[in-house]
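Chain by chain, the residues run as shown.
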Amino acid sequence: MEETNFYQEYEVFSKKSVKAPIQHQFSLLAPNEEMALSMALENFMRREDVLDVWVVKRENIRRMTSEERTNWTKRLDNKDYRKTKGYGYLRQKWKEKEQGMLDEKEIMSWKEVKKK
Amino acid sequence: MYNYLEYGSSDAPRNHEDPEQYDRFMARIEAGEKIEADDWMPDDYRQGLIKLISMHGISEIMGALPEKEWVPKAPTLKRKLGIMAKVQDEMGHGQLLLRVAEDLMKPYGKTRKDLIENLLSGDLKFHNVFHMPTKTWADAGMVGWLVDGAAIISQTNMLDASYGPYQRALQRICQEEVFHAQHGEAIIMALAEGSDHQREILQESLNRWWPSLLMFFGPASADTTGSSKQDIMIKYKIRKSNNEELRQAFLDKYLPRVFSLGLTVPDETVHYDEEQGQWVYQQPDWDEFKQIIKNKGPRSKERLRLRQIAYENNSWVRQALSKEVVGS
Ligand SMILES: [Fe+2]
Ligand SMILES: [Fe+2]
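Taken in sequence, the protein lines are chains G and C.
If you read the first sequence in UniProt numbering, its first letter stands for residue 1, the second for the next number, and so on.
If you read the second sequence in UniProt numbering, its first letter stands for residue 1, the second for the next number, and so on.
In short, the hints are calculated from the structure, not lab data.
Hints should not be assumed to be uniformly reliable.
[Said to hold, decoys possible] Covered by chain C, according to a simulated footprint, are these stretches of chain G (three or more residues, beta-carbon under 8 Å):
no., region
1, 19 to 31
2, 95 to 104
[Claimed, not checked] Quick list of in silico lysine-lysine cross-link-like pairs, BS3-like style, CA-CA up to 30 Å:
no., chain 1, residue 1, chain 2, residue 2
3, G, K19, C, K34
4, C, K34, G, K79
5, G, K15, G, K111
6, C, K68, C, K296
7, G, K83, G, K15
8, C, K290, C, K253
9, C, K106, G, K57
10, C, K240, C, K290
11, G, K85, G, K97
12, C, K106, C, K294
13, C, K237, C, K290
14, C, K106, G, K74
15, G, K111, G, K85
16, C, K34, G, K83
17, C, K240, C, K106
18, C, K253, C, K237
19, G, K74, C, K290
20, G, K57, C, K110
21, G, K16, C, K78
22, C, K235, C, K106
23, C, K135, C, K290
24, G, K74, C, K235
25, C, K68, C, K301
26, C, K290, G, K16
27, C, K135, G, K16
28, G, K19, G, K115
29, G, K57, C, K34
30, G, K15, C, K301
31, G, K74, C, K68
32, G, K114, G, K97
33, G, K57, C, K113
Every value quoted in this text rests on a predicted model; they were computed, and no experiment measured them.
Note that CB positions come from ideal geometry on N, CA and C, so glycine has one too.
Generate coordinates for the entire structure from the input sequences, incorporating the hints supplied.
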């Protein structure tokens, strides 16, 4: 039997809770998907709370190359126009008009509205 | 393995390195950036890491194999479960670390198969402590407490290592080692507070393990065994401290605890020198150390045999799971 191509590389991801994002764990070698999943549980989930586990063959992931990563981190750092930070002056303006600013804290608190 | 021991000869040709690229690499390391598997790295960094991490990974496995033998012999169900969980962790550590080594070896066309073959042929060394015999249940405790303790000292020293994948693996490993430390403490505490016989086997075990524990960190300088690559690992910010500093840190943390249990070490000269600010101790036999890591230790052959048996016994599993039709 040829054992050279036996192992394939899988990346392991997991999710701790409903609210938590999927998190990369590590990689492992396994001969197929089923083994990869059961090894992922054995290797990484012996103690921790976990709701979901993904295994993805590494060759199916198009990740950034080393060069792409370097260039990406070098991109324009002035992105104020894209962030709320660039609009912070509004706080003072609203204050003058005796109004509060609709900032992230305020807007994210609008989950519930008054019932009639 | 948790510190650097040179073995074999490097089989990869040295590239002509671009000095500019090298400077950029060093600048990244100095700035505390993490190097990833597909980033450019100098050959001696790659080769140093392959040796360090493959030895570390294979030692986790070579340590777990004899440790699993304690499961049926452990005195209570709780102890069986505890040591089984620890063995499983150690196998997990081996799996993580071999992955890190394999990604580094890829440019040389090497795989896990090469690692296992190198182990069986004697080219890939495993840590000195796993060449030693165990006799009594006190040894299971001593290994968990002090061998894992020594391993924790050297592994935590690399928690900020410049190589990203290794550094990330070590975070998980060290977290699990906290459980190993306490698991070992629980065993020795029960013996230390037990009957005269239990205290006797505990002391006898420590006496036997003492030289191996000192050897664990490797010789203080290259002149002792003629080979030590500790400096390059420090230069590249893989580890922070040299062998002797780590040994001293181990003695700092553990000797007061050893003495507090009423135990002694088999070295009458051991004492803390306030002026020098360090422990004074008798050197272990470094010639013996050299023999041990050349697989000429008391249990080297048996341990390799265990690995070989595991490899052979499980070959049908690999065959059954292989996608390819057998014989094609
Ligand atoms: Fe470990
Ligand atoms: Fe451990």
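Status of each hint after checking the structure:
1. 19 to 31: Satisfied; 5 residues make the cut.
2. 95 to 104: violated (count 0)
3. K19/G / K34/C: 29 Å, holds
4. K34/C / K79/G: Judged against 30 Å, a Cα distance of about 25 Å means the pair holds.
5. K15/G / K111/G: Given pair K15/G, K111/G holds - Cα atoms ~24 Å apart, limit 30 Å.
6. K68/C / K296/C: 23 Å, holds
7. K83/G / K15/G: Holds, at roughly 28 Å.
8. K290/C / K253/C: Cα-Cα ~27 Å, so holds.
9. K106/C / K57/G: With a Cα-Cα distance of about 17 Å, the restraint between K106/C and K57/G holds, given a limit of 30 Å.
10. K240/C / K290/C: Holds, at about 24 Å.
11. K85/G / K97/G: 21 Å, holds
12. K106/C / K294/C: 26 Å, holds
13. K237/C / K290/C: 26 Å, holds
14. K106/C / K74/G: 28 Å, holds
15. K111/G / K85/G: 23 Å, holds
16. K34/C / K83/G: Distance ~28 Å between K34/C and K83/G Cα, so the pair holds.
17. K240/C / K106/C: 27 Å, holds
18. K253/C / K237/C: 24 Å, holds
19. K74/G / K290/C: Outside the cut-off at roughly 49 Å; violated.
20. K57/G / K110/C: 19 Å, holds
21. K16/G / K78/C: At roughly 28 Å apart (the allowed maximum being 30 Å), K78/C and K16/G satisfy the hint.
22. K235/C / K106/C: This hinted pair holds, its Cα atoms lying about 24 Å apart.
23. K135/C / K290/C: Answer holds: K135/C to K290/C is near 23 Å, not above 30 Å.
24. K74/G / K235/C: 27 Å, holds
25. K68/C / K301/C: 17 Å, holds
26. K290/C / K16/G: Violated. K290/C to K16/G sits at ~46 Å, over the 30 Å cutoff.
27. K135/C / K16/G: Distance ~42 Å between K135/C and K16/G Cα, so the pair is violated.
28. K19/G / K115/G: Measuring from Cα to Cα gives roughly 26 Å; hence the hint holds.
29. K57/G / K34/C: Status holds; Cα separation ~24 Å.
30. K15/G / K301/C: Distance of about 43 Å is beyond 30 Å: violated.
31. K74/G / K68/C: With a Cα-Cα distance of about 50 Å, the restraint between K74/G and K68/C is violated, given a limit of 30 Å.
32. K114/G / K97/G: Within the cut-off at roughly 25 Å; holds.
33. K57/G / K113/C: 20 Å, holds
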